[in-house]
Amino acid sequence: MRSPSQPTTMWFDHRLVMRPSPIHGVGTFTTQDITAGELLILVTGGLIYTREDRDLGRVRLAGELYNEEELPTGELIVTPKVFHYYINHSDEPNIVDLTRHPASTQYVALRDIRAGEELTARYL
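To convert, take the position in the sequence shown, counting from 1, and add 1127; that gives the working numbering.
Please keep in mind that the hints were generated in silico from the structure rather than gathered at the bench.
Ideal Cβ positions, reconstructed from N, Cα and C, are used throughout, including at glycine.
Any given hint could turn out to be false.
Unchecked claim - Computed Cβ-Cβ distance ranges for the label pairs, DEER-style: (1) Ala1163 - Lys1208: 24 to 30 Å; (2) Arg1227 - His1151: 18 to 24 Å; (3) Pro1149 - Gly1201: 35 to 41 Å; (4) Leu1183 - Ala1242: 44 to 50 Å; (5) Ser1132 - Leu1237: 27 to 33 Å; (6) Pro1131 - Ala1163: 32 to 38 Å; (7) Asp1239 - Arg1178: 38 to 44 Å; (8) Leu1183 - His1141: 39 to 45 Å; (9) His1216 - Pro1131: 28 to 34 Å; (10) Ser1217 - Gly1184: 36 to 42 Å.
Produce the entire structure from the sequences given, and follow the hints as far as they go.
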């Protein structure tokens, strides 16, 4: 497997926790108030491979532990499932991913968010 994989860097605000969500299974919630514009989640890089690599068994993962996305090149990228994976959809989101790219995620608060509130984003 020849891969353009990049080191995975993950940064999460210390005020985030995962807990059961009334929206969908598990969600990411705040433990303290958040101010509009604050960076909450930053994830870059990941393991990059082709469908052929996966189909031929060159890449073997515990699938339930990883989030797989397709890159514009057709290759696949995976990162471990943590806070950024458990952001549920809302038509009135309180965070936004500024990058909108599978190899990078940068969620910031769209508005002030109260302690205990679930973080939500609008998925297109």
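Results of checking the hints against the structure:
no.: 1; hint: Ala1163 - Lys1208: 24 to 30 Å; verdict: holds, 27 Å
no.: 2; hint: Arg1227 - His1151: 18 to 24 Å; verdict: holds, 21 Å
no.: 3; hint: Pro1149 - Gly1201: 35 to 41 Å; verdict: holds, 37 Å
no.: 4; hint: Leu1183 - Ala1242: 44 to 50 Å; verdict: holds, 48 Å
no.: 5; hint: Ser1132 - Leu1237: 27 to 33 Å; verdict: holds, 32 Å
no.: 6; hint: Pro1131 - Ala1163: 32 to 38 Å; verdict: holds, 36 Å
no.: 7; hint: Asp1239 - Arg1178: 38 to 44 Å; verdict: holds, 43 Å
no.: 8; hint: Leu1183 - His1141: 39 to 45 Å; verdict: holds, 41 Å
no.: 9; hint: His1216 - Pro1131: 28 to 34 Å; verdict: holds, 30 Å
no.: 10; hint: Ser1217 - Gly1184: 36 to 42 Å; verdict: holds, 39 Å
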